[in-house]
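Trainee: All chains should be modelled from the sequences, with the hints used to inform the complete structure.
Going down the list, the sequences are from chains Y and D.
Per my numbering, the very first residue in the first sequence carries number 1; after that it's consecutive.
Per my numbering, the very first residue in the second sequence carries number 682; after that it's consecutive.
The reader is advised that the hints may include incorrect statements.
[Unchecked claim] Label pairs and their calculated CB-CB ranges:
hint, chain 1, residue 1, chain 2, residue 2, range
1, Y, Arg680, D, Val716, 39 to 45 Å
2, Y, Leu67, D, Asp876, 42 to 48 Å
3, Y, Thr66, D, Asp876, 22 to 28 Å
4, D, Phe895, Y, Arg680, 39 to 45 Å
5, Y, Phe677, D, Asp687, 38 to 44 Å
6, Y, Pro640, D, Glu776, 30 to 36 Å
7, D, Leu871, Y, Glu678, 47 to 53 Å
[As the list claims (entries may be wrong)] Stretches of chain Y that chain D covers, calculated by requiring three or more beta carbons in the stretch to come under 8 Å of a beta carbon on chain D:
hint, region
8, 36-42
9, 671-677
Just so you know, the hints here were simulated from the structure itself, not pulled from any lab data.
The C-beta atom is built at its ideal place from N, Cα and C for all residues, glycine as well.
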Amino acid sequence: MNMPLPVALFQLGLLVYLAGAAAALLAWRRPQKARLAAFGLPVLGGVVQLAASAAALSGGSASVWTLPLGTALFPWTVRLDPLSSYFNLALSFLVIAISLYSLDYLRDMEEHRNLGAMGFFYNLLLLSLTLVFTAANAFFFLIAWEVMALTAFCLVTFEHEKEEARSAGVLFLIMSHAGTGMLLAAFLMLAAAAGNLDFASFHLLASRLSAPQQAVVFLLFFLGFGVKAGVVPLHIWLPDAHPVAPSNISALMSGIVIKTGIYGMARVFFDFYGAPPLWAGTVVLAAGVVTALVGVLYALMEHDLKRLLAYHSIENIGIILMGFGAALLFRALGYANLAAIALVAGLYHTLNHAIFKGLLFLGAGSVLHSTGTRNMEHMGGLIRRMPATALFFLIGAVAISGLPPLNGFVSEWLTYQALLAGFGTTQSLTRLMFPIAGSLLALTAALAAACFVKAFAIPFLALPRSDAARSAKEAPLAMQAAMGILAAACIALGLGASWFVKVFDPITEQALGIRISASLVAGRGFALSAGAPHSGTVSTAGIALFLVALGAAAGYLVSRLARSQRRSTGPVWDCGLPGLTADNEYTATAFSKPLRLIFSVLYRPRREIQAEYEVSPYYPKAIHFESEIEPTFEKHVYGPLKDWILGVARRMRAIQAGSVHAYLAYIFVTLILLLLFEVRG
Amino acid sequence: MHTFQDPQFGDKVVTLMAALVLVLQIAMAGQRWIVTNIRIFAAQSFLLAAMAFTIAWFNHAAHLYVAAGLTLLVKVVLVPILLERLVERIGIRREIDPIVNAPLSVLISGGLTLVGYIIAESFQRPEQAGVAALGHNALAVAISLFLIGFFMTINRRKALTQVLALLCLENGLFLAAISLTYGMPLIVELGVLFDVLVAVLVLGILVYRIRETFESMDVSRLRRLRG
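Mentor: Structure below.
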């Protein structure tokens, strides 16, 4: 059989994931074998899928393949077009690192955990994720989507003896199903117009619907995919569900599972819609700004390392949506070039976030693995005990803060450039959106940097704050290697940005009909420019060289001065108190205090101080301090919503009267109405 | 042509009998003695058997004779005897006390007949005038029987009388089957009749049990089972 290379590789990759799931089941009672098979095979599967998606991206034309399952009405079709392959690329790269990491991370769990179950669901999740990204039939897509939600639920509640894991799982399931319901409705509306469920026939279809239908379909898709992506205010499940899972699963969830929502939006916005209405872009852009800002503000207040990272996922989804929203606006206004730049910015940030968020969660997992706590206030001084983890975490932190020359900077810079160019594109009031969004993006990036100063400094620097932190050990080799791969990718995607942007050419050509990479590259391939005449250019490689030169010069000066000056060591000034201990250290709570005051409108902080003393209030025996912020969305949005649903349910109970006659009457009245309706129609 | 071979004449006979069936149904909805109710049901079933026989005669549909005979045996003889015995054995009050009173029940039944005709109207095809004339009236009656039977199941409190209403409803289905398609395949017919018999037996036991447990046959008391 003559089969295109990408399809052959793709099939092989799927088979390897399936084999991983089967092996996990077979080795159910032998944890060690289960661990090696269920997490060793996906490393291989990830490599094969990576090759498949790279081949599909470079091949140009999309290859189609129909699974020998399904029926004539619902064929299980897979299409490896550039957009699908790009997301599959991000997935498979992350899978390689996370699976490798899991091999060592799960070693301690062998004795008291069912690793067979975990491996089984893990491989099924990978399989369904791959199919979500590549399915080319709405029915098939929804099947993969639901399998993904269910396996993710099983993994989130893996430590099901913990109450927080169970309640997070339930919340995740409820939100996820509400989202899927909206997707189902939207797909059915499209299917009614197209006559079938093929994505190929949905192409540009949504723009041919009537204006109200277009609006309904758009909003249903946006909300449905928004739940999975964690768009504010649909995000509340995310900071609960991601941290309670084992850290390798958290990395997968935050790294790529939430990106399925982004993929869905990209598919709908740039494939199903020709040029969506102007308000649609405004909605997406505004949602992106709010999501980014709310995400980073809540992250700042978090002292649970993994919850902090989960909130940052929300923030980054917001940044990606800003790119998408700007692209939609430019498209509606007729600026294809700018739309392509904004789309590239959003997609680039999607991959970047997958990589650095994966890296950070794996780093947090290593810390959790050796200290046993997620609370930053109990860590400290880990850089001496876990130097490799600290280095990789630092690289991830620099990348997510959007500092040059790493990858986060490149995509955020592209987003800025697109937003800044937007002001001149229209005379209407919409143009005010662009500078506002740009300045808020700047604020978000600054706050993220502040947050990661805390997230790096409190756990890793200074003195250990607890015995657990004092006795921490460096992560095993496979875990270090996995983090190393991702850290290297952060650097490569930053320095090699002007080469990497070529990857987006087939995607923008598919979505917008133009190739953009040539106008993005300047300075003989060493610098990025934003394409427009008066826009900026930046060279990450140049910045890196400059930084290295600056570092070398500083090092030289220091060593010269150190030789000429005499060095002496003395005790640290301790304000007259008897000796400095870890208790005197700057805490995460204290670090975030200024921001808590500035943004108190959102946080509504509450604090309580109780001092116990015997003789005089100036000599307290013990001080009890408590501080918390108000969960605004849970309290003001979801609280009333929950009360309303429960109220309606209580009133609906009157229908279920328990009377046979009443039930018969319901059936009778329904029957007569249906009959008459049918006769009239 | 001999009168007894003229299909036109057959149609008229069938229509007349269908009208009588409908009248009996409305009478059943309107009166309140259980034993009378059972007997009206028997009479109605007898008319139905006669209709099946007539249709079989004029249209030369041999298997309808079997259906007619079985209806006669099961619905005219067996089921009424079983039900009357049940009434005697559990010694209940001989009155049905309906939720809606008798005059109103008759009015509602009339309204449902109207609905039945409106629905049957939509099935009429002008190009098949001959068949449709028979089909139309009988179908309208069949739908009305079904709807009135349904209404009776709602209107009655006691399980036994609900069983009766269910049987009337089933008569409507039977009429629809024989008038539209000259009967369903025999095996289906047999199955349906057997179902009716079993249903009566099972419901008889159930009624007895309900009475034992609740000291009453009023199904409204089943409300207590609600969680």
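Trainee: May I ask which of the numbered hints given earlier this structure violates, with the numbers listed in increasing order?
Mentor: 3, 6, 7, 8
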